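Take a look at the letters that make up each chain.
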Amino acid sequence: MLEIRNLHAALEGREILKGIDLSIRAGEVHAIMGPNGSGKSTLANVLAGRPGYEASAGEVLFDGQDLLALAAEERAREGLFLAFQYPVEIPGVNNLYFLKASINAIRKHRGQEELDALEFLERVQEKAGLVKMDEAFLKRPVNEGFSGGEKKRNEILQMAVLEPKFAVLDETDSGLDIDALKVVADGVNALRSPERGFLVITHYQRLLDYIVPDVVHVLVDGRIVRSGGPELAHELEAQGYTLYGREAGASRRAQA
Amino acid sequence: MGGVSTVNPVAVTAVTDPRAHWLAAATETAAGLPPELALPELRAAARTRFERLGLPSRTLEAWRTTDIAPLRGLEPRRAGTGRAPDAGWLAGLPAGPRVVLVDGRVHAIETGELPAGVSVLGFAEAARRLPQVLAALDTLPGLDAHAFAALNSALFEDGVLVHVAAGARLDALTLAHWSSGDGTAVHPRLLLVLEDGAGAGLLEWQGGQGTYLSTALTEVRLGRGAQLALSTVQDESAEAFQLGGLRAQLAADAKFSLRRWVGGGRIGRMDLALTLEGEGAAAELDGLVLAGGTQLLDHHLELRHAVARCTSRQTFRGVLAGKAKHVFDGLIRVDPDAQQTDAQQQCRNLLLSKQALTVAIPRLEILADDVKCAHGATVGALDEDALFYLRARGIGLAEASTLLVRAFAGEFLDALTDEAMRAALETRLDAWMEVAA
Amino acid sequence: MSANLEELADRGYAYGFTTDVEQETVPPGLSEDVIRLISAKKQEPEWLLEWRLEAYRSWLKMPVPEWAHVHYPPIDYQAISYYSAPKKSIGDGPASLDDIDPEIKKTYDRLGIPLVEQEFLAGVAVDAVFDSVSVATSYRGKLAEQGIIFCSFSEAVREHPELVRQYLGTVVPVRDNYYAALNSAVFSDGSFVYIPKGVRCPMELSTYFRINAKNTGQFERTLIVADAGAYVSYLEGCTAPMRDENQLHAAVVELVAMDDATIKYSTVQNWYPGDKEGRGGIYNFVTKRGLCRGARSKISWTQVETGSAITWKYPSCILRGDDSVGEFYSVALTRDRMQADTGTKMIHMGKRTRSTIVSKGISAGHAQNAYRGLVKILPTADGARNHSQCDSLLMGDQCGAHTFPYVEVQNPTAQVEHEATTSRVSDDQIFYLNQRGIGTEDAVSLIVNGFCKEVFKELPMEFAVEAQKLLELKLEGSVG
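Protein chains in written order, with our numbering: chain A, 1 to 256; chain B, 257 to 693; chain C, 694 to 1173.
Just chain A, with the same shape it has in the complex (with noise of 0.2 Å):
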């Protein structure tokens, strides 16, 4: 379903990718973990077109189509999803009118007949409930005086509402506290399928506990250096980074 070769990308003339390869088929969950600074969010949003990420070499395959010749909106349109890691704030615009707009963007593009607001308003009720979204909050402005948590709950809810095919998330843990996360986590695994590939983006191991992968992968200055299985998360967690480079010095000093 995502096919990345040899992926190099660059922010503001910094080379943060150094090239990656990864592959997933649809109807897995792969994880990358890392330290800070190692290219993870760069991977997100490169894959979702953000404007200043530049994909300096190679390729990215979704669905056997050339991704990064695609705008963000068009990627969007495909089934590529990405829950941010800092939702932005949209003052004045209505969570249920944008995610309207969102939705029927997507379904024109598939060709689809746009929802009407009695079957969108239904649709978005049901998935509120999967992540115990109070209604309340689909009318504030999207994401304006959202607590942390609940601006990554709004995140999972369009993920929901919106379906896609592939999902990236973008460290979705970071700020939460555990009560949440299991929200966002049950969110996340009931929308796991045979149809749907994820991949989840995270610094802790605490995240891969409630979404448990099929293959996790360890990024370290911008390369993919080992792949294993969910065992691997808990062997990053108990030992830390500290066998791939950067950061060895001071965790050994930190474990001795």
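Keep in mind that the hints were calculated from the coordinates and are not lab data. These numbers were taken from a predicted model, which means no experiment stands behind them. No false leads were mixed into what you were given.
The following label-pair restraints were derived from C-beta to C-beta distances:
(1) A/Ala-136 <-> C/Val-1158: 19 to 27 Å
(2) A/Val-212 <-> B/Asp-593: 47 to 55 Å
(3) B/Asp-593 <-> C/Arg-972: 23 to 31 Å
(4) A/Asp-179 <-> B/Pro-397: 54 to 62 Å
(5) B/Asp-593 <-> A/Asp-134: 40 to 48 Å
(6) C/Val-1158 <-> A/Glu-122: 23 to 31 Å
(7) C/Pro-889 <-> B/Asp-593: 57 to 65 Å
(8) A/Gly-148 <-> B/Leu-346: 55 to 63 Å
No residue lacks a Cβ here, since even glycine has one placed at the ideal position from N, Cα and C.
Knowing the structure of chain A, use the given hints to seat chains B and C on it.
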């Protein structure tokens, strides 16, 4: 007020054009100046500027809110030399190194030994020892249309230069101005120059007796990373006209913090022009104005963000009693290249009387698109509920009002780091409240 | 800001066509004779002619106002024609709907204002002003049943002279300002509304202004009086053809609200703004003022300003009655070389008077957008309240936003608050919406509409939709 000649009906037109009076004074002043302060080019330019501007009237937008009619009939004279400041006033100044100016002329420099790299000099001596620094006079941007700044440049007879060399520090210095009154015009001048990485903490204290006009003008130039904290106590006499100005220019990463306590003068207007010229420069301006009786106290401020990534904060508070009027007219200008500007402006007024008038004109002119600018203005009376609460606890109305005014002024006072000064101003505030309320 | 965004602020002007209709136009020039001619054409009573001449003589003596943030070459008042009307309607006043020149009918159809009662937006009565005269007023019969007068100004002068004479110039005096004086001298037509005591006007009243003729100025005059306990909501829309010369529009609107009366006045202004380089376009110099004369009266201005080369208007409220309420909700969009200097004055005289100001300025391209406002609390206004919110949104780095609020308070029991912010459409917001499948144009529309929401919700439903569409149209463009 004595010494004002009666108007000769034959020469009415000549006398009613106040420019003539002031230009004559400039000629008289020039004759008495030591050669190093003759500064012929500076004086000529200032005269020309003043000739063009004339005394401001309310038809000018910048003076719409400031009626200086009471000054027009005055025609103040040049102050005689050799006067001494009031002894009681002098005794009440904060302890520590200080310079005393009387009627704009250096009276005493009592600084003791200064840290290395710090010079505090009268202008005449500065002209001999640091001529290249003194050359900054009248070269900083701003106040070009301010007639009283032009007058000051044409008429100042002396002044004080504070120079802090790169990396040096001057922790405390009081600059005290005394005006002896008697219908005179005085033109105090300060030039504060901090080179790269220098630091200084200065206190300016303005006082006087009787009737006089002061055009006190302060110029501030901060080099890269320099930090200046300047506190001003404007405590002029009740009959004084204080129409001073300040212009400041900040290089990259420089920081200027200005705190103004303003309580004196029949008319007290301050025109401030700040230019943030280097990236990362920061200005913090705080003012507390206490106006009662028929006082008119104004702040007019132009703060220009000329380059990217500068920050500015302005908080002006006014407490008004009697028939007083307080004007805050503040403009933040953000140039087209000044991206990522962060500018905040607050003006808050507390009206204690029905005859008091407050005018707030917080203005923004924004020509860059990636900026964070906000201003706010509030006007209101003492909170009825809070007053009632205090009274219900047995506190009298006057005391309750004082408590609330103190709370309103609190943020200004609390930020003062000098304990002695804060205590002195708190006492003044209480005394002011007793009269005002 | 991304290059895409900067280009977004451009789209052709959809209302720029001209109507080919036989017109009678007074030759350019202004003199007492021209004023006598206008007055005679309108069969006006002697007192009104005198009133006009007095205004003209005052105007001659007044200096041309200069404003810091509006720049334009001096206007040659002798090059403007002060009266132009489609031939068929001259002298007869507004025809019945069937008698209108089919060309004019077509014009209004293209503008989306069909002059046919049953087809028009349900429940909106329209007075259509074409250049200097009112060409049609719909639903008059139905309104008359309740004693409501809704007609062209000229007709009101003939049919209800006592009412016109009683209120004309009482809110905006003849000498109020340069353009008000000019308008008083030469005004040609406009709308007149009177709502009798206790009547709630059952439908929205609306005037649609259209400048068609070349080299003419439009000087309409609107007077709305809501008697005790009455309610009326009035809408105003404006367009003009695209022409290379600048055209002058100097209107005066006076509102009077008696005890417990409410007037809601909404404007969607889309005069031709000139081309990208700033050639042509309407100079929109308008004086709008409402007097809350009675206790508990309320006047609410809502404006969506998207057109004109220069907009200079300050719809204001004089809050004389105790407990009266003034409101001002404004969206002003400027792009290309447009200049807008707009805002409001809230003059608090009565006790417990309240006012609310919400101003949203959007600048794109090389445009300049200024909010200029005055909140004045007089000593008599015990317990007065004001809250002002002025927000600016910038699109591109060549434009400017200016905020000049004047707050003058002379009463300690007043509470006045003013807030202002400036922000831009951020790339993060655009990307977030892109990531949810929403294209950049739609994303900008969404963000801008969100920014304007507080104002749009004040507009009557149909108008709110129109305004939103208009704004989108103005912001759309070629996305690179």
